[in-house]
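Number of protein chains: 2
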Amino acid sequence: MAPIDTPEAPLKSSSAPENSSSMGQLVVDVALRVLLFATALVAVIIMVTSKQTKMIPVAPGLVVPLDAKFDHSPAFIYFVAALSVACLYSIITGVLSVFALMRGGSSTKMQFHFVMFDALLLGIVAAATGAAGGVAYIGLKGNSHTRWNKICNTYGSFCFHFASSILLSLVSSITLLLLVWLSIYVLSKKIARR
Amino acid sequence: MAPIDTPEAPLKSSSAPENSSSMGQLVVDVALRVLLFATALVAVIIMVTSKQTKMIPVAPGLVVPLDAKFDHSPAFIYFVAALSVACLYSIITGVLSVFALMRGGSSTKMQFHFVMFDALLLGIVAAATGAAGGVAYIGLKGNSHTRWNKICNTYGSFCFHFASSILLSLVSSITLLLLVWLSIYVLSKKIARR
Numbered sequence: 001m002a003p004i005d006t007p008e009a010p011l012k013s014s015s016a017p018e019n020s021s022s023m024g025q026l027v028v029d030v031a032l033r034v035l036l037f038a039t040a041l042v043a044v045i046i047m048v049t050s051k052q053t054k055m056i057p058v059a060p061g062l063v064v065p066l067d068a069k070f071d072h073s074p075a076f077i078y079f080v081a082a083l084s085v086a087c088l089y090s091i092i093t094g095v096l097s098v099f100a101l102m103r104g105g106s107s108t109k110m111q112f113h114f115v116m117f118d119a120l121l122l123g124i125v126a127a128a129t130g131a132a133g134g135v136a137y138i139g140l141k142g143n144s145h146t147r148w149n150k151i152c153n154t155y156g157s158f159c160f161h162f163a164s165s166i167l168l169s170l171v172s173s174i175t176l177l178l179l180v181w182l183s184i185y186v187l188s189k190k191i192a193r194r
Numbered sequence: 001m002a003p004i005d006t007p008e009a010p011l012k013s014s015s016a017p018e019n020s021s022s023m024g025q026l027v028v029d030v031a032l033r034v035l036l037f038a039t040a041l042v043a044v045i046i047m048v049t050s051k052q053t054k055m056i057p058v059a060p061g062l063v064v065p066l067d068a069k070f071d072h073s074p075a076f077i078y079f080v081a082a083l084s085v086a087c088l089y090s091i092i093t094g095v096l097s098v099f100a101l102m103r104g105g106s107s108t109k110m111q112f113h114f115v116m117f118d119a120l121l122l123g124i125v126a127a128a129t130g131a132a133g134g135v136a137y138i139g140l141k142g143n144s145h146t147r148w149n150k151i152c153n154t155y156g157s158f159c160f161h162f163a164s165s166i167l168l169s170l171v172s173s174i175t176l177l178l179l180v181w182l183s184i185y186v187l188s189k190k191i192a193r194r
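Chains A and B, in that order, are what the protein sequence lines are.
Under the UniProt record's numbering, read the first sequence as residues 1 to 194, first letter to last.
Under the UniProt record's numbering, read the second sequence as residues 1 to 194, first letter to last.
It is possible that part of the hints are untrue.
[Unchecked claim] Quick partial rundown of chain A residues pointing at chain B, CB under 7 Å, derived from the structure:
no., residue
1, T53
2, H72
3, L122
4, G123
5, W148
6, L187
[As the list claims (entries may be wrong)] According to the in silico footprint, chain A covers these stretches of chain B (three or more CB under 8 Å from chain A):
no., stretch
7, 112-124
8, 184-193
By construction, these hints were calculated from the structure, which means they are not laboratory data.
C-beta: ideal position from N, C-alpha, C; glycine also.
Start from the sequences, fold in the hints, and give me the full structure.
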């Protein structure tokens, strides 16, 4: 255990320097969870509000309104579900982290559970980003081999919403990776210190 | 560094149970890395060998041979690249883990670096699985809203290759998640024990 550096707590001699660095790490942890919350929430809102209706000529002299909506593709439904879960998760763990900050430090057990779920969420959100990105790329560029036509030349604002949303979910994935890395760093620091 | 438990080192008396459990965890670690190697390698091989040529009628009386290949879609090129990286990574870390096993235990520093890269690879492989899965689903079911026709009714063996490959990469992702969880468990056990 580390030595004393505060005169106020002579009995808890070993905890002071460990505690101050642990507090710094908790502040970064809370900041990353707030970032995760913000990016996931905005990504879901942008995706859900991306509906665009255009008048499409289906026959000579006949023009009908056709919608482009996110729930036309299962990849985007999964995307919205995964990002919503990430958003909810970030609220719960963010609040718990703030409580730990107010109590003056987090327990190893709590960090252990957090990093387990962070890693699981990382997999889920990364897969959602990949799925949405793969399908959106076909929408943007089309695929001449399978004769899938691009739709972004018609539904411009819809595609802009999608691109922004996928970019934000990429930020969410990276934030989750940073959270996992931070927790592992904190855990291995604890081992090195003892 | 993991302590010794041989009778030649009687001074480090407290280390025996730690070492034996550390060895058990290393064996599981090596087994998971072998599984990761096998699934990633087979997924890449199945994907790369999925080429199928069919005679497609393009006009009345005119039939031309048309290929279906994985590199017709950028999502699948990324998939092959990501799984190849995972395969190479599993070889390197697997060999290092076997060396650690022969030396009688792994250091905390090595575990720290492994779990960092494991988490990064988890994100990359999960995103690749998602991207390939999203595009393959369109190939399987089509999308009536964007008028993207399904191709799996024509290229059956090609699609079977794809489905197997994506399933294997899902196993790779789960293996990487288990590797991250195992490392975190080992690290927090070390903290609890000290």
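Self-check item: Restraint outcome when W148/A is required to lie within 7 Å of chain B by C-beta distance
Solution: holds, 4 Å
Practice problem: Answer holds if the nearest beta-carbon of chain B is closer than 7 Å to that of T53/A; otherwise answer violated. | Solution: The hint is violated - T53/A has no Cβ within 7 Å of chain B, the shortest such distance being about 13 Å.
Quiz prompt | Evaluation of the interface hint that places G123/A against chain B, nearest CB under 7 Å | solution = G123/A check passes; min Cβ-Cβ to chain B is 4 Å, inside 7 Å.
Quiz item: Count the residues of the stretch 112-124 of chain B with a beta-carbon closer than 8 Å to any beta-carbon of chain A: does the count reach three?
Solution: Check passed, 8 qualifying residues.
Quiz prompt | Residue hint H72/A, partner chain B, criterion CB-CB below 7 Å | solution = Nearest chain B Cβ about 4 Å off; hint holds.
Practice problem: Given that the stretch 184-193 of chain B was listed as covered by chain A, double-check it with a C-beta distance under 8 Å for 3 or more residues. | Solution: Our answer is that it holds, as 7 residues pass the Cβ test (under 8 Å) against chain A, meeting three.
Practice problem: Report holds or violated for the interface hint on L187/A, using the least CB-CB distance to chain B and a cut-off of 7 Å. | Solution: holds, 5 Å
Exercise. Double-check L122/A for me: the hint is only fine if its C-beta lies closer than 7 Å to a C-beta in chain B.
Key: holds, 6 Å
Hint 1 from the earlier list is the only one contradicted by this structure; the remaining hints agree with it.
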